[in-house]
Amino acid sequence: MSLAKYPSAREADRPPLLEARNVSRTFKVSIGMLRAKRTLNAVEDVNLRIRPGEVVGLVGESGCGKTTLARMLLGLLPPSSGEIRMDGRPVSALPRRQIAALVQPVFQDPYSSLNPHKSVGSIIALPMRVQRHPDPGTWRARVEDMMERVGLARRLYDNYPSQLSGGQRQRVAIARALINGPRLVICDEPTSALDVSVQAQILNLLQDLRRDLGLTYLLISHNLAVVEHMATRVAVMYLGRIVEEGETSQFYRAPRHPYSAALLASVLTPEPGLGVPDTQLGAAYPNPLEVPPGCRFHPRCARVMPHCATIPPKPIATPDGFVECHLYDSGSQRGSPA
Amino acid sequence: MSERVLTVEDLRVALPVPAGTLHAVEGVSFHVDRGETLCIVGESGCGKTLTALAVMDLLPRRAERSAARLELEGRDLAHATERAMADIRGNRMAMIFQEPMTSLNPAYTIGNQLEEALLRHRRTSRPEARERAVSLLDRVGITAAGSRLKQYPHQLSGGLRQRVMIAMALMCSPSLILADEPTTALDVTIQAQILHLLAELQRELAMGLVLITHDLGIVARIATRVVVMYAGQVVETGSAAAIFAAPAHPYTRGLLACIPVPGRTRRGERLGTIPGMVPSLIGRMQGCTFAGRCPHVIDACRQSQILLEPAGADPHFVRCIRHREIAIAAGPEAAS
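These protein sequence lines map, in sequence, to chains A and B. Following our numbering, the residues of the first sequence are numbered contiguously, the last one being 488. Following our numbering, the residues of the second sequence are numbered contiguously, the last one being 322.
Treat the hints with care, as some may be off.
[Stated by the list, open to error] Rough simulated footprint, nothing fancy, chain B against chain A, three-plus residues with beta-carbon under 8 Å:
| # | stretch |
| --- | --- |
| 1 | 249 to 256 |
| 2 | 350 to 358 |
| 3 | 367 to 376 |
| 4 | 458 to 466 |
Simulated from the structure, these hints should not be mistaken for laboratory data. We put the CB at the ideal spot given by N, CA and C, even for glycine.
Between the sequences and the hints, there should be enough to build the whole structure, so can you do that?
So, in structure tokens, the structure goes:
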């Protein structure tokens, strides 16, 4: 797919920091004691490139495969097929420690992602121990510098997670992720467990860190307002596939995929008088064990056409990304982009 | 045609804790009319859930509740016996909780639990109860309602479970529904659907709806009137239009500045924050509870009890002695 027209072409020419090439992941799930196991396609033939300096927002409903994809990108889960490449090399060929030096995660729930028996200082220092950082005598100073950088008072060094607020815990998680200077941070719903005033602080912090340290983010979130605020590119996942990818302002101004449009329509902005929109998406997210034939979104699609039920759409290049929808097929039955 | 459903006056909830008494709800007053949606908004620990539980008389046992007035459809709830409350709960008023999985009984079928709600309060037969269950499941958008009755809660998705909870709340046609963060555990698309449904049902059945949420987006879209709570107190209350057009309390202003709004906040621009933390509610507070975090604080804020005072032509009240100066200083564009 041509990326020549992508607005920041200079950036686009740089090799991706992290790349998923035709990545799929299946799980065997049992649906009953005596019944045969079935195959769940959590991620199916996904391509995603994260270039240096980008903030890629990955959005979609629960169960769409966002977290499975993130775990593969972190090198925590091998793909069933396809390849993850990190800094131009296949992840499968990289030693675990080298992956960890490049990519670090920040998880959603700062209550369960920190060891309750370790002090703040030792939680943040752990990655240095893992990477056998030289000069242990300097570690404390490094940790304290990092604490300051993420807005944690140095006096909290010997405190335990249970003594911290949710926002402080998330700052600890961010400090731990950054202590070894990774290039890419995968943030999986980093603020959804936090109050809005704390969410704003963490988002501001992530912005500052990105600017100061030249970080690249993959931001996984169901909050489309947060993604709009943070991301430079947006990828929308639905039932294991990325169905649209594009540049953020373009995406929010004119989403191409009907599913993207429905997602955006569901965002409740604080504007009184608009009422609650009717998304017309049907009552439930489909069972990932029974992926509909043809376009997997067609049973919920407001603009469904007859052949959507039988022919799976192929990715179609757009000036700033791609979309996977029959409305954009060239030639027959072209729909007017809404 | 405004018909008062719920009246709450000077509601207080105190919890004994090892360090003293925690004043979780401190003199909260509000009312709900038929066909009206009142949103109680605030961050964790501000007392919004305890307020709802106090109305339902479902507080933890050690909590102490007091109120100058607590009335549902003119009936006194403050002094109602446990038995009288059991007859009112689920019948005249019903509650919908955040996590439907924990509020449905995993050991009983959906049908059983729905029918139970009606059989407990009405003299009807099981077939009649089943008929109402099916028609309500149908109304809340659950397809193949008849066969769903035999399913157990774990067989349904989160969105469907919340629909079941709503159907269950409606079984006895209550005049008031209290919904505590009903969509916080759900995806955005499902959230919009559930709120759409709640708003529709509320209009159709002319119920009073109290919706508790931390999400100002939800408040803006669904509320008729708003109560903003902070540290156990109402700090601002008024029509949704007034609160969003001219937020008067520094806390409300701070909350609105915190949230990114597509098309309004610039990408990557710093979001507003509210520095500091919620004060401890143990023991008595002097002066304004928000003083420690407020950018406009002056000595007078800490000295005396701050009362709610009118903030505009509409019924709009704010607990801040400096709200007029702040509004003038911020200028007309401050509302956005």
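**Hints not upheld, ascending by number** = 1 and 4
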